[in-house]
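Here is how the chains run, residue by residue.
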Amino acid sequence: MTDNLTHLERLEAESIHIMREVVAEAEKPVMLYSVGKDSAVMLHLARKAFYPSPPPFPLLHVDTTWKFKAMYELRDRMAKESGMELLVYQNPEAKERGINPFDHGALHTDMWKTEGLKQALNLHGFDVAFGGARRDEEKSRAKERIFSFRTASHGWDPKNQRPELWNLYNARKNKGESIRVFPISNWTELDIWQYIQLNDVPIVPLYFAAPRPTVERDGVLLMVDDERFRLEPGEEPVMRSIRFRTLGCYPLTGAVESEAATLSEVIQEMLLTTTSERQGRVIDKDAGGAGMEKKKQEGYF
Amino acid sequence: MDDLVEPIYRTDALIAEDIDAYLDRHQYKSMLRFITCGSVDDGKSTLIGRLLYDSKMIFEDQLAALEADSKRVGTQGQEIDFALLVDGLAAEREQGITIDVAYRFFTTEKRKFIVADTPGHEQYTRNMVTGASTADLAVILIDARKGVLTQTRRHSYLAKLVGIRHIVLAVNKMDLVGYDQAVFDDIVKDYAAFARSIGIERFVPIPISGFKGDNITALSANTPWFKGPALIEHLETVEVDNSADQARPFRMPVQWVNRPNLDFRGFSGLIASGAVKPGDAVRVLPSGKTSTISRIVTLDGDLDEAVAGQSVTLCLADEIDCSRGDVIAAAGNPPQAADQFEASLVWMADEALKPGRAYWLKIGTQMVSATVQAPKYEVNVTTLEHLAAKTLELNAIGVAEIATDRPIVFEPYTDSRALGGFILIDKLSNATVAAGMLHFSLRRAQNVHWQAVDIGREAHAAQKGQRPFLLWFTGLSGSGKSTIANIVEKKLYALGRHSFLLDGDNVRHGLNKDLGFTEADRIENIRRVGEVAKLMTDAGLIVITAFISPFRAEREMVRAMLPEGEFLEIFVDTPLAEAERRDVKGLYRKARAGELKNFTGIDSPYEAPEQPEIRIDTTRTTPEDAADLIVERVLGVWSPDL
Numbered sequence: 001m002t003d004n005l006t007h008l009e010r011l012e013a014e015s016i017h018i019m020r021e022v023v024a025e026a027e028k029p030v031m032l033y034s035v036g037k038d039s040a041v042m043l044h045l046a047r048k049a050f051y052p053s054p055p056p057f058p059l060l061h062v063d064t065t066w067k068f069k070a071m072y073e074l075r076d077r078m079a080k081e082s083g084m085e086l087l088v089y090q091n092p093e094a095k096e097r098g099i100n101p102f103d104h105g106a107l108h109t110d111m112w113k114t115e116g117l118k119q120a121l122n123l124h125g126f127d128v129a130f131g132g133a134r135r136d137e138e139k140s141r142a143k144e145r146i147f148s149f150r151t152a153s154h155g156w157d158p159k160n161q162r163p164e165l166w167n168l169y170n171a172r173k174n175k176g177e178s179i180r181v182f183p184i185s186n187w188t189e190l191d192i193w194q195y196i197q198l199n200d201v202p203i204v205p206l207y208f209a210a211p212r213p214t215v216e217r218d219g220v221l222l223m224v225d226d227e228r229f230r231l232e233p234g235e236e237p238v239m240r241s242i243r244f245r246t247l248g249c250y251p252l253t254g255a256v257e258s259e260a261a262t263l264s265e266v267i268q269e270m271l272l273t274t275t276s277e278r279q280g281r282v283i284d285k286d287a288g289g290a291g292m293e294k295k296k297q298e299g300y301f
Numbered sequence: 001m002d003d004l005v006e007p008i009y010r011t012d013a014l015i016a017e018d019i020d021a022y023l024d025r026h027q028y029k030s031m032l033r034f035i036t037c038g039s040v041d042d043g044k045s046t047l048i049g050r051l052l053y054d055s056k057m058i059f060e061d062q063l064a065a066l067e068a069d070s071k072r073v074g075t076q077g078q079e080i081d082f083a084l085l086v087d088g089l090a091a092e093r094e095q096g097i098t099i100d101v102a103y104r105f106f107t108t109e110k111r112k113f114i115v116a117d118t119p120g121h122e123q124y125t126r127n128m129v130t131g132a133s134t135a136d137l138a139v140i141l142i143d144a145r146k147g148v149l150t151q152t153r154r155h156s157y158l159a160k161l162v163g164i165r166h167i168v169l170a171v172n173k174m175d176l177v178g179y180d181q182a183v184f185d186d187i188v189k190d191y192a193a194f195a196r197s198i199g200i201e202r203f204v205p206i207p208i209s210g211f212k213g214d215n216i217t218a219l220s221a222n223t224p225w226f227k228g229p230a231l232i233e234h235l236e237t238v239e240v241d242n243s244a245d246q247a248r249p250f251r252m253p254v255q256w257v258n259r260p261n262l263d264f265r266g267f268s269g270l271i272a273s274g275a276v277k278p279g280d281a282v283r284v285l286p287s288g289k290t291s292t293i294s295r296i297v298t299l300d301g302d303l304d305e306a307v308a309g310q311s312v313t314l315c316l317a318d319e320i321d322c323s324r325g326d327v328i329a330a331a332g333n334p335p336q337a338a339d340q341f342e343a344s345l346v347w348m349a350d351e352a353l354k355p356g357r358a359y360w361l362k363i364g365t366q367m368v369s370a371t372v373q374a375p376k377y378e379v380n381v382t383t384l385e386h387l388a389a390k391t392l393e394l395n396a397i398g399v400a401e402i403a404t405d406r407p408i409v410f411e412p413y414t415d416s417r418a419l420g421g422f423i424l425i426d427k428l429s430n431a432t433v434a435a436g437m438l439h440f441s442l443r444r445a446q447n448v449h450w451q452a453v454d455i456g457r458e459a460h461a462a463q464k465g466q467r468p469f470l471l472w473f474t475g476l477s478g479s480g481k482s483t484i485a486n487i488v489e490k491k492l493y494a495l496g497r498h499s500f501l502l503d504g505d506n507v508r509h510g511l512n513k514d515l516g517f518t519e520a521d522r523i524e525n526i527r528r529v530g531e532v533a534k535l536m537t538d539a540g541l542i543v544i545t546a547f548i549s550p551f552r553a554e555r556e557m558v559r560a561m562l563p564e565g566e567f568l569e570i571f572v573d574t575p576l577a578e579a580e581r582r583d584v585k586g587l588y589r590k591a592r593a594g595e596l597k598n599f600t601g602i603d604s605p606y607e608a609p610e611q612p613e614i615r616i617d618t619t620r621t622t623p624e625d626a627a628d629l630i631v632e633r634v635l636g637v638w639s640p641d642l
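Top line first, the protein sequences correspond to chains A and B. Residues 1 to 301 (my numbering) make up the first sequence, in order. Residues 1 to 642 (my numbering) make up the second sequence, in order.
Bear in mind the hints are in silico, worked out from the structure with no lab data behind them. One or more of the hints may lead you astray.
[Unchecked claim] Which stretches of chain B does chain A cover? Using the computed rule of at least three CB atoms under 8 Å from a CB of chain A, they are:
1) 125-131
2) 288-299
3) 425-434
Beta carbons: idealized from backbone N, C-alpha and C, even for Gly.
So here's chain A without its partners, still in its complex pose:
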């Protein structure tokens, strides 16, 4: 053999291996599906890992009711195409109290996402949850294991992680523990984009530039995705050619002005851009550099 595998082929094989280990050793796994591009790749890898069987676990979408419309459309389509069960969970307390990104700030993320995730996992008794986090995203992610253990209250203890050797994963849990497994830990943003391109992985159209109604607030471009968007006095939606580098709740997700309408153009902009991917999200900015680490210790995915 002289022809070697490319880095993407190796990453793909590694991710598939991880998913199969989980299915072989877990009691009740689930895949967290956020409908973003990383989730899209993770889902595609799962379909490859278990083909011709459908992936032998459900998809779980921890919904905030504030995602972009286009995300809900793709979510339902992909669940159907993959033949997987789709579980949608909305924190009933957040729903009852009408928690929203306009009035409640950090509480919105905390209740819908962090609490919602914990509730959903507890409700169904999932012992392993796949997540699409990558180590290149953020500093504390870079130190997290592929099999990352959570206490019964879903906390992460970064000082007490199991050593992970070769491709041997120790999936044995103590009572009450659950595991977050990150099969695409070693992928970079460029790997994700290139894989999407090479494999025709369906993604939400919002990643591509198109004229969309927007308002600019505190230097952040927000898209007016539905009538719930609260315009402030004097604000008027303006059509701009925008796209998103990362997708979340639409009132919390900043867009970039762009003309990149194809994957190649999007990748080109990504490579030439000068700000990091998560900058569009408001979530990392509080608590200084330790924002994500703190959130994870509290149970954020």
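Given the coordinates of chain A, assemble chain B onto it according to the supplied hints.
Just chain B, lined up with the frame of chain A:
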């Protein structure tokens, strides 16, 4: 910033000019995984921060944050502290040290890199081994002012132990020694002597400054005496033998059996070595059954060939038994199976190795129960001496014999990381306690085979008209174990059942008379009792034992020896105060007086069963009633659900 060396590949012009051409080229880049290791303050994080910065993996917003952080908590005055880019966790940012393995990614025009930043603290050797286990190359950092240190030796030894073939000796902080060639040459000479002694034949020495950027991306004008290569140039061009595994015989550990319907049965796994094509003859191990590959199935269509490093699903032409843990291998050149080995161990847990205790051993996709003998020796990695050792403590490296409860398919670690590298898992805490590398199987395992017998355990049991059991009584001294066990046997005997009570004292008069009361001997005592009891259940008997057996791990070891459901753990639950009040043999009094050492309940712990099959509360149940309960369970009348 103007004293920084301008990186040569900061922007890739092709991205702007022709993105598709760039992507096409990027797509075919190979991948190198490497680790950086060295002592505290050798500048590992700074070097990695520098590599990320120079390869444009740092964005403007991160750079702005970095500049602000550098001024606030940096250790480089007003200049950029690159270490802050990679020292991710809040705790270590405050302490200014790296405390865990962090993985970083960067790409150059020629290659994509995954780098594991591994810590330099002695207590974190396990993290370095973790990082090294997946690395092709190791960058060993040395502070030019300090030279070769104990940690340098330790990390080099570990890199060699874990099988890393490519070593770069990066002599860092050359700016602080005035770029003096003599300093560099002395360190290289020193290191070469040590490297040779541990079998590292070749290494590439490079004088660098991670902080200033010398000889990172391009040769530095500050070291005109150094002819290259620069660090990045070497990383981009070093021959990484990804194809070495592909040239070896075919092996694929089966991870999962894919069975969507009755018409399809595929075996999924990551190919560990070699290549496979439809029509190839294969052998399934350890059963040894043969078949041929009928299809290589993927979502993108069937493949004509698959090679090491690919995750695939194989279909076989014949319906033969094959499940998770089996290895599908080239029929003409299969790996061996054995159950006794010599191996190197790196101990990774606070709790030291307990020779004789059963651990889970995971190798490939096989998970078996295994016991480790007392180490043959421990290696002092500073002096390379072999030291006598009774155990291995956290971060100790040693060589020991290992026995598994059934044969495993393996290859020597030097041939195959996939079938020679293993982890040990504590059965109670579930922690990964050791990394191991198999050397070879022991000859006695190769020459001792299971003798097939015509009258099997089922036949023995059927002849006696009973289901064999091991009734394992556990509880404090004086709890009433022997009393109840004795009544149980009398009742079974009266009912015409075939039983045998294995008494602890009696066993110590004969079979175990060579054993004392050290921790290792106590474990061995229980192991032998377990083995004898297992033979007796093979003969169809209902075996009764009454040992304090205070440790869960030992009871679980015996449980694992027996077929599922035959081990009944009977917890004779008597509170310590009550047992001590009874003090039938006067032992508690002696223990309290200090005349008996290591007495369970007094100065040695009793680990109560968490889920015993039967629990007897002797403060509420009489021995007679307890015995009735147990007999009913044995005869299948009673179950805990009723």
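Each hint tested on the structure:
1. With 4 residues bearing a CB less than 8 Å from a CB of chain A, the region 125-131 of chain B meets the requirement of three and the coverage assertion stands.
2. Under the rule that three or more residues need a Cβ within less than 8 Å of chain A, the assignment of the region 288-299 of chain B holds, with 3 such residues.
3. Counting residues of the region 425-434 of chain B whose CB lies closer than 8 Å to any CB of chain A gives 5, which reaches the minimum of 3, so the coverage claim holds.
Consistency with the previously given hints is maintained throughout, with no hint failing.
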